[in-house]
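A.B. asks: Listed below are the residues making up each chain.
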Amino acid sequence: SAVISQKPSRDICQRGTSLTIQCQVDSQVTMMFWYRQQPGQSLTLIATANQGSEATYESGFVIDKFPISRPNLTFSTLTVSNMSPEDSSIYLCSVEVSSGANVLTFGAGSRLTVL
Amino acid sequence: DQQVKQNSPSLSVQEGRISILNCDYTNSMFDYFLWYKKYPAEGPTFLISISSIKDKNEDGRFTVFLNKSAKHLSLHIVPSQPGDSAVYFCAASVNQGGKLIFGQGTELSVKP
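So the protein lines, in turn, are chains A and B.
Reminder that position 34 of the first sequence reads as 35 in the working numbering, one-by-one numbering, no gaps.
Reminder that position 63 of the second sequence reads as 111 in the working numbering, one-by-one numbering, no gaps.
Please keep in mind that the hints were generated in silico from the structure rather than gathered at the bench.
This structure is a prediction, so every number in the text was calculated from the model and none was measured.
Do not rely on the hints blindly, as some may be mistaken.
[To be verified] Subject to a maximum C-alpha distance of 27 Å in a straight line, what follows is the list of computed DSS-like cross-link-like pairs (lysine-lysine): (1) Lys-102(B) with Lys-147(B); (2) Lys-147(B) with Lys-66(A); (3) Lys-85(B) with Lys-116(B); (4) Lys-104(B) with Lys-85(B); (5) Lys-8(A) with Lys-147(B); (6) Lys-104(B) with Lys-119(B); (7) Lys-85(B) with Lys-147(B); (8) Lys-53(B) with Lys-85(B); (9) Lys-85(B) with Lys-8(A).
[As the list claims (entries may be wrong)] Simulated coverage check for chain A against chain B, where a stretch passes if three residues somewhere in it have a Cβ under 8 Å from a Cβ of chain B: (10) 44-58; (11) 92-98.
A virtual CB, placed ideally from N, CA and C, is assigned to each residue, including glycine.
This is chain A alone, in the form it adopts within the complex (with noise of 0.2 Å):
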């Protein structure tokens, strides 16, 4: 199944600043996932990213929040907007193992403490 590099790895944020996260995949992937898990809680898909076409945005999230950028078969970024301490989660990247699958290979995952 793919790889998946995710930068960074964890970072610590002012209130109101952004960050960009970035994801790496090293084989060509039609979609790409972003998950959030917030702490003590269960993992969320935030939007799918499809090459060529604007991101799929799940109910609660919106993409003056959350912009993803899609600009090749590989690569990903999420950014997380003018931050609060609630943005404080870990953020994951995923991808299908194959096409049309249900099962999802994750990346390590960005770990974000919003202070």
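Once you've looked at the hints, dock chain B against the given chain A.
C.D. replies: Below, chain B alone, put in the same frame as chain A:
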């Protein structure tokens, strides 16, 4: 509304014994169920899955059971090993590859 629930936040088991992790769901449209394991500072890794047309799937020490009438699935680990200590997430999907609905996780501790 939590569609997938893992009601036990933690479980402690002796090495060599069976670990049973439970998961309940509310959406009868779910047709695929998965278990993931997560170590600290790592992303979740896929463990085992089951389609809604089956009631059991086995892979080595890991077996997943699905009871559709009760909307309940469980993961059995036999025998449990200290390396199995991790957080286990149950997840479900409705015929959509990337949209998985996760439970809150159960932290398993296997004592030597």
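A.B. asks: Next step is simple, just say for each hint if it's right about the structure.
C.D. replies: Taking the hints in turn, this is what the structure says about them:
1. Lys-102(B) with Lys-147(B): This hinted pair holds, its Cα atoms lying about 21 Å apart.
2. Lys-147(B) with Lys-66(A): holds, 20 Å
3. Lys-85(B) with Lys-116(B): holds, 23 Å
4. Lys-104(B) with Lys-85(B): Judged against 27 Å, a Cα distance of about 19 Å means the pair holds.
5. Lys-8(A) with Lys-147(B): holds, 23 Å
6. Lys-104(B) with Lys-119(B): Holds - the C-alpha atoms of Lys-119(B) and Lys-104(B) are around 14 Å apart, at most 27 Å.
7. Lys-85(B) with Lys-147(B): holds, 18 Å
8. Lys-53(B) with Lys-85(B): Measuring from Cα to Cα gives roughly 16 Å; hence the hint holds.
9. Lys-85(B) with Lys-8(A): With a Cα-Cα distance of about 22 Å, the restraint between Lys-85(B) and Lys-8(A) holds, given a limit of 27 Å.
10. 44-58: n = 4 at 8 Å, threshold three: holds.
11. 92-98: This one holds; 4 residues, not fewer than the three required, reach chain B with a Cβ under 8 Å.
Hint violations for this structure: none, all hints satisfied.
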